[in-house]
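Protein chains in written order, with my numbering: chain A, 1 to 110; chain B, 1 to 113.
Hints listed in this document are in silico derivations from the structure and should not be mistaken for laboratory results. Fair warning: this is a prediction, and the values are worked out from it, not measured in the lab. Just so it is clear, CB atoms sit at the ideal spot from N, CA and C, and this is done for glycine as well. Where hints are given, some of them may not hold.
Claimed, not checked - Subject to a maximum C-alpha distance of 27 Å in a straight line, what follows is the list of computed BS3-like cross-link-like pairs (lysine-lysine): (1) K45(A) <-> K71(B); (2) K97(A) <-> K57(B); (3) K57(B) <-> K9(B).
To be verified - If we take Cβ atoms under 7 Å as the criterion, some of the chain A residues that face chain B in the derived model are: (4) S30; (5) S32; (6) C40; (7) E43; (8) P44; (9) L46; (10) L98; (11) F100; (12) G101; (13) G103.
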Amino acid sequence: RKEVEQDPGPFNVPEGATVAFNCTYSNSASQSFFWYRQDCRKEPKLLMSVYSSGNEDGRFTAQLNRASQYISLLIRDSKLSDSATYLCVVKMDSSYKLIFGSGTRLLVRP
Amino acid sequence: DGGITQSPKYLFRKEGQNVTLSCEQNLNHDAMYWYRQDPGQGLRLIYYSQIVNDFQKGDIAEGYSVSREKKESFPLTVTSAQKNPTAFYLCASSLIQGTAEAFFGQGTRLTVV
Numbered sequence: 001r002k003e004v005e006q007d008p009g010p011f012n013v014p015e016g017a018t019v020a021f022n023c024t025y026s027n028s029a030s031q032s033f034f035w036y037r038q039d040c041r042k043e044p045k046l047l048m049s050v051y052s053s054g055n056e057d058g059r060f061t062a063q064l065n066r067a068s069q070y071i072s073l074l075i076r077d078s079k080l081s082d083s084a085t086y087l088c089v090v091k092m093d094s095s096y097k098l099i100f101g102s103g104t105r106l107l108v109r110p
Numbered sequence: 001d002g003g004i005t006q007s008p009k010y011l012f013r014k015e016g017q018n019v020t021l022s023c024e025q026n027l028n029h030d031a032m033y034w035y036r037q038d039p040g041q042g043l044r045l046i047y048y049s050q051i052v053n054d055f056q057k058g059d060i061a062e063g064y065s066v067s068r069e070k071k072e073s074f075p076l077t078v079t080s081a082q083k084n085p086t087a088f089y090l091c092a093s094s095l096i097q098g099t100a101e102a103f104f105g106q107g108t109r110l111t112v113v
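Could you build all of it, start to finish, from the sequences and the hints given here?
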């Protein structure tokens with residue numbers, strides 16, 4: 001079983017739609033969680049950190065469920081510019097190892 | 001300007017040759033990482049380092065080697081033992097605090113012919 005798993009998609013949604021991605025992790029000792037965005041042929045960039053209490057940044061909401069070992073990302077009012085691959089990242093605090101999921105591809109159509 | 005720099009952006013090598021990819025950061029980060037990304041795939045961890053003169057193997061370390069002689073630098077050597085070296089290589093750095101994000105360089109596209 002992979003340490004971090006994501007649905008590869010693609011999720012094909014119209015502009016203005018709400019879309020949600022989930023990511024599951026296998027190691028209960030995982031301590032820190034992030035969502036990164038990667039555009040085609042570019043480096044990943046931080047979208048948002050995921051806090052235990054959940055957090056929101058504009059149209060983006062991230063949540064963590066430690067009991068079920070998953071994190072989620074919700075995008076409201078999708079824009080064409082949201083089209084990208086979204087990577088779930090888990091950080092092991094004891095070793096500082098950063099583990100990436102394989103990414104979920106989002107396509108927002110006009 | 002603080003940041004993380006990878007060079008070169010594109011690299012072509014003949015099969016059987018070793019090649020070294022550069023990664024330098026001036027963010028005063030302790031942790032540095034090397035990832036490999038194949039087309040349509042996620043990032044796979046090759047090596048990572050928490051401190052100077054120490055590093056650990058990631059999930060796909062075979063055929064690769066690293067050094068961490070300076071805090072700012074974490075070069076990756078792709079050796080001839082790596083059977084399929086053509087890929088996009090990404091270097092990242094981070095503070096070691098748990099909630100600290102990682103910053104990436106722009107990557108090196110290695111093509112072996």
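Verification of the hints:
1. Annotation: proposed proximity of K45(A) to K71(B) holds, straight-line Cα distance about 22 Å (limit 27 Å).
2. With a CA separation close to 10 Å, the supplied pair K97(A) and K57(B) stays within the 27 Å bound.
3. With a C-alpha separation of about 24 Å, the suggested pairing of K57(B) with K9(B) holds against the 27 Å cut-off.
4. For S30(A), the shortest C-beta to C-beta distance to chain B is roughly 10 Å, which exceeds 7 Å, and the interface hint is violated.
5. Because the closest C-beta pair between S32(A) and chain B is about 5 Å apart, less than 7 Å, the hint holds.
6. The restraint placing C40(A) at the interface with chain B is violated, with a minimum CB-CB distance near 10 Å, outside the 7 Å limit.
7. Taking 7 Å as the C-beta contact cut-off toward chain B, the hint placing E43(A) at the interface holds, the least distance being around 4 Å.
8. Interface hint status for P44(A): upheld, as the beta-carbon distance to the closest one in chain B is roughly 6 Å, under 7 Å.
9. Below 7 Å, beta-carbon pairs count as interface contacts, and L46(A) has one with chain B at about 5 Å; its hint therefore holds.
10. With its C-beta approaching chain B no nearer than about 6 Å, L98(A) sits inside the 7 Å limit, and its interface hint holds.
11. Below 7 Å, beta-carbon pairs count as interface contacts, and F100(A) has one with chain B at about 4 Å; its hint therefore holds.
12. Contact between G101(A) and chain B, as hinted, is supported at the beta carbon level, the nearest pair being about 6 Å apart and thus within 7 Å.
13. Proximity of G103(A) to chain B holds as hinted, the smallest CB-CB distance being about 5 Å (cut-off 7 Å).
Hints 4, 6 from the earlier list are contradicted by this structure; the remaining hints agree with it.
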